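Line by line, the protein sequences are chains A, B and C. Everything in the first sequence is counted per this note's numbering, starting at 506 for the first residue and increasing by one. Everything in the second sequence is counted per this note's numbering, starting at 506 for the first residue and increasing by one. Everything in the third sequence is counted per this note's numbering, starting at 506 for the first residue and increasing by one.
Honestly, the hints are just simulated from the structure, not real lab data. Treat each hint with caution, since some may be false.
Since the list can't tell identical chains apart, any single copy or any two copies may satisfy a pair.
Listed below are the simulated DSSO-like cross-link pairs for lysine-lysine, each with C-alpha atoms no more than 30 Å apart in a straight line [said to hold, decoys possible]:
{"id": "1", "residue 1": "K612", "residue 2": "K979"}
{"id": "2", "residue 1": "K769", "residue 2": "K655"}
{"id": "3", "residue 1": "K655", "residue 2": "K612"}
{"id": "4", "residue 1": "K668", "residue 2": "K769"}
{"id": "5", "residue 1": "K612", "residue 2": "K861"}
Computed from a predicted model, the values in this text were never measured in an experiment.
Okay, here's what each chain looks like letter by letter:
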Amino acid sequence: MSQSIAANPDRLFPADPGTRSIARDLMDRVRDLPIISPHGHVDAAVIEHNTPFPDPAALLVSPDHYVTRLIHASGVPLERLGPKAGAPAGAEAPAPDSRTVWREFCKAWPLFEGTASGYWLRNQFHSVFGLQHEISAETADASYDAISAKLLEPGFRPRELFKDFNIEVLATTDDPLDDLASHRAIAQDPTFHGRVLPTFRPDAYLNPANPLWSANVDRMIAAAGDGASGYAGYIAALANRRRYFVEHGAVSADHGVRTPATLKLDGGDASRLFDRLRSGQASGHDGEQFEAHMMYQMARMSVDDGLVMTIHPGSFRNHHQPTFNAFGADTGHDIPFAVNYTEAIRPLLQDFGTAKDFHLVLFTLDETVFSRELAPLAGFYPSVYLGAPWWFLDAPDAMLRFRSAVTETAGFSRSSGFIDDTRAFCSIPARHDASRRIEASFLARLVAEHRVSEERAHELIVDVVDSSPRRVFKL
Amino acid sequence: MSQSIAANPDRLFPADPGTRSIARDLMDRVRDLPIISPHGHVDAAVIEHNTPFPDPAALLVSPDHYVTRLIHASGVPLERLGPKAGAPAGAEAPAPDSRTVWREFCKAWPLFEGTASGYWLRNQFHSVFGLQHEISAETADASYDAISAKLLEPGFRPRELFKDFNIEVLATTDDPLDDLASHRAIAQDPTFHGRVLPTFRPDAYLNPANPLWSANVDRMIAAAGDGASGYAGYIAALANRRRYFVEHGAVSADHGVRTPATLKLDGGDASRLFDRLRSGQASGHDGEQFEAHMMYQMARMSVDDGLVMTIHPGSFRNHHQPTFNAFGADTGHDIPFAVNYTEAIRPLLQDFGTAKDFHLVLFTLDETVFSRELAPLAGFYPSVYLGAPWWFLDAPDAMLRFRSAVTETAGFSRSSGFIDDTRAFCSIPARHDASRRIEASFLARLVAEHRVSEERAHELIVDVVDSSPRRVFKL
Amino acid sequence: MSQSIAANPDRLFPADPGTRSIARDLMDRVRDLPIISPHGHVDAAVIEHNTPFPDPAALLVSPDHYVTRLIHASGVPLERLGPKAGAPAGAEAPAPDSRTVWREFCKAWPLFEGTASGYWLRNQFHSVFGLQHEISAETADASYDAISAKLLEPGFRPRELFKDFNIEVLATTDDPLDDLASHRAIAQDPTFHGRVLPTFRPDAYLNPANPLWSANVDRMIAAAGDGASGYAGYIAALANRRRYFVEHGAVSADHGVRTPATLKLDGGDASRLFDRLRSGQASGHDGEQFEAHMMYQMARMSVDDGLVMTIHPGSFRNHHQPTFNAFGADTGHDIPFAVNYTEAIRPLLQDFGTAKDFHLVLFTLDETVFSRELAPLAGFYPSVYLGAPWWFLDAPDAMLRFRSAVTETAGFSRSSGFIDDTRAFCSIPARHDASRRIEASFLARLVAEHRVSEERAHELIVDVVDSSPRRVFKL
């Protein structure tokens, strides 16, 4: 059994000794700052009820499509990877038990060498679960038992870890019609001091290509349309629900769209298009136009109600239909494609790009837009911020490429700060740790190349790690 | 007040001590070579009349959209940044005075950490203006006074700096109907030894989407059409004006186009299209076809008259209409987009790609085309040269990415040499200094990795810094 | 005459001394492993007959369009570069003699500094031909004589070099109607122990845009259509010829297509489209649909017969028509363009992406798809493997960019292993040497940054160099 490299204090730092020494010093200045997580997918109810975590496989393997996808690529069917992944519709075979899933995972562990997921997992195993050695197929049962034991400890409940992890703010992602009862309960609980904020995520109500769109719209209008019907009721209801989220602490509205297209329609045209879509007589193009128009409307409402607008485009969701049919969404086959922001986002920016206090955070899975489009946009429009490297790009080398691509044009002040975007609660410290080490590494190189003074780097590392997310997300 | 890092002799060099030492040696071999600037935007009249520079803000802040854009992004309205930037159409408030603009700039100075503009400014402050310390909000008045004092010194006039900067050739960018009186006066002045060359830039006469196109065409035909009218007069006039530029020392014709599309139309079709466009009955598509055809014509004329053809595509100009309406063009919101050269440039290359002595320098703001398209094109066609990293890409990391992307396919012989492309006269030495340091850094890495011998690197550094621009621009 | 840097044992390794030392150690573990070359363009007949190599120019210059293209770019007409390159249709001037071509090449040698071709050539000169010094214009005759002398040595025949080079498997690329007599003869020869495998390459039979397509289809049906005619005979014949290839040792079918488009047509639609195309009444769009459908069919057949499917898209072949007219294909002007895999490959992956034992290796000349599309696809679909960096990207920096772009998403297990893709037999060791050094360099950095343990790196370097190509190509 080999010693885990997760313990190495210089992990992720550049090899050159001089640069490494600068990086160490910069990391020391931010290591103990609280975690601010303005966008992610943890379930607020888990914090509300302080629900114990399930077993190792159900916590760390089965629900994490970053993990199951690579094991699947190696030839293991998803049904062998556990409850969530392994519930094909109509399947009669029982889901495998947790220990079996864990053994499958440990056998597959070498696949994760060099990956971002491997880094996060190794660091969780070491720092959160206290494993001193690398996991392996041979020691699968031992690591299963060790983690299981940890999960039974009283200090290993969500609220205790929230504190241990030094989390200050954690945003969740929520359906617009969610009553936010968990968020309210947490906020009113005098024994809990973290901030758990909802995020308004209206995709299913804005995109006519969603098979449930029309039913969702019915529910939306019925719930919050102020008695109005049609497009007017729909717009009123969205504004009302946003206000409800703001009252419950939300700071942002998030949009997972296929492309960043935006479009301004006048009220009459929008209303007629809405009616046509509701009647089922509309084309796919009509649906795209409507969604683009609704992105414009969401920006308009953000200018009104102050919610930071975040856009996550460019993923072809559920690429493999048979897998989607059997296992549902979020099972590892969302595949990025090329995105163009410059023309697509222009209609929105024409009217709101310089609007007072409007914040628009633009994400991408297509790295080419970082230097070509996003840095120039964020370097002019006061509203536009560069979203942190997201999903496949939330990884050491990719984060360094991001900083290299955008900084020379947009400096350090136009970035969102780190976004962990995770549903894996126990991975949060490892993710923020990786991000801080990479920020320190990038800045250390600039210092070593005499492009930034050591004195200024001391300020910048705090700015990118701590001040940026507070400023950009109005925290 | 902290010491400026601009004084560090190792700035921009790689951190690894062995590689750095090689880079130092390479830099020593080119540090004192004259500056050759074959493309830029300095006003020839300033050299002709040896016009004193204005105050610090009017020299270094207000007219520089690289600088104002990032301050604008931080929330400062353009009208607070001075005369050029700050003259919204119909504004009644007086433009802010220079000292106020300078204070605004000094307050915003931290925004420029890590940016290319920050590097150039810091080096100007140190090397040109003699400031020993970093500028800051607290010392804004002191730095204003120090620079102002410098600007009053007799040695600080354009012609004296031209000599101090060791500039050998400086190309300007000029309207085709410009009489080039300043260039003539400079050339005939026995007391001035630099070469100041005009560049033929006919965009406004070639692109029917320009609202002034038809009026420009009228003026063009009237001025130089040899009495002919219509398309024939237009083509004759362009050829005549190019000849006039050649007679006044021009070595290149520059083309700022939206895309690199080229198209060969036969004479009759072109003439009919021209007439249709002039009649106002044509579509946007017609205009694009015509402009693409005119790029083909410009190449044909370059084969005839020897002017090097340079193409700068891929920028969405004036992205934010309200800002354009208020402040005009070149105010910081030209945003790049994806470009494809392979198919677009093919009609031109079919006929002129191997034409004797034809030089075609291709620029891009979309880095993806460097390895994918431009290096392969330049690695086959004797006419095609890789334009230096331009605009947002004229920055240390981006320049290293460029060399890494193109060299393995096209070697060192197919690049244009450095292009500063600037209207900021006092920034010219800092820009060339940065470029030379990056060339030295890239070559030093190849030497350290035993990919190029030290002996050959000594030749290559001189070739890329000095021989390339002379060869490519026929100087 | 300067000493060749090809002798340096640290060539291509990173400059940082600590990282270099790790790279050295990793390289030591794979230096002597046999060469596995699962895709390339060597002629099997040369191995069968153990044909002596021709003179230096005919071996190393004239037939290599990687070499002639850059000399051509410098202004040397192709006809001065020898028999293959220099045979313009209808030319009356005799082709230049080999010594003259060699002198031209030696004069042009400095153009290759920093290029991949330069690296391979320099290493051949040193390791294969025993030249101790850099070649140069001044020593052209001496190097010509030295290499010529080597070529006459009995140990310098293809079969002897095959052994000296430590080649275990060498795949060729073959026409589907080739009788594979050379492969059979080699396989049956008890005196030769290497494996020389054919590869099924049916482009000319699948792409209706090929002027010879219909004639090729006639020949295909006549040769192997089982007596059937039309689409049914065509499909049967392709399946039969694939089986013939499998029986002669083929492990893969290779597809050089313009785009990676795939399409599933039902049998009736496909048959009618085939008939329309054969009648000459079809449009270009019809041809593209048909080729896309045939890619789907090829995948289906691969699932049946086990041939690994490799796809090489994204090159605009024969970009300069006049050069193509004079000298034919493969003369240096195939230019890449932007490619999108995510949507294009989906129809094929819907049905075969998770098919048992199906292997699909995806190549690209457009680097942007590595992180954006290929790594996510290979990180989910068990069939999909990342093709090694190809053609212009088969170069040290580009290979490092590839590893950086894909590893964090897909790890090390989803890559094809190195593909030399060459027709230049003598360059094979240099190419594999470069690839192994770069793999060692990349892994060494991960070790130095504590992202991979030294112990695991020892396994990974063997896996990527040796196990990956065996596994992916079923060797």
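Homomeric proximity label, K769 with K655: Cα distance no greater than 30 Å | Intra 54 Å, inter 52 Å, cutoff 30 Å: neither.
Measure nothing new, just compare the shortest in-copy and cross-copy C-alpha distances for K612 and K861 to 30 Å and report within, between, both or neither.
-> Answer is between: at 20 Å across copies they meet the 30 Å cutoff, but 54 Å inside does not.
Measure nothing new, just compare the shortest in-copy and cross-copy C-alpha distances for K668 and K769 to 30 Å and report within, between, both or neither.
-> neither (45 Å within a copy, 55 Å between copies)
Under a CA distance limit of 30 Å, which applies to K655 and K612: within one copy, between copies, both, or neither?
-> within (22 Å within a copy, 52 Å between copies)
Between the shortest in-copy and the shortest cross-copy C-alpha distance, which are at most 30 Å for K612 and K979: within, between, both, or neither?
-> between (44 Å within a copy, 22 Å between copies)
Violated hints for the displayed structure, listed by number in ascending order: 2 and 4.
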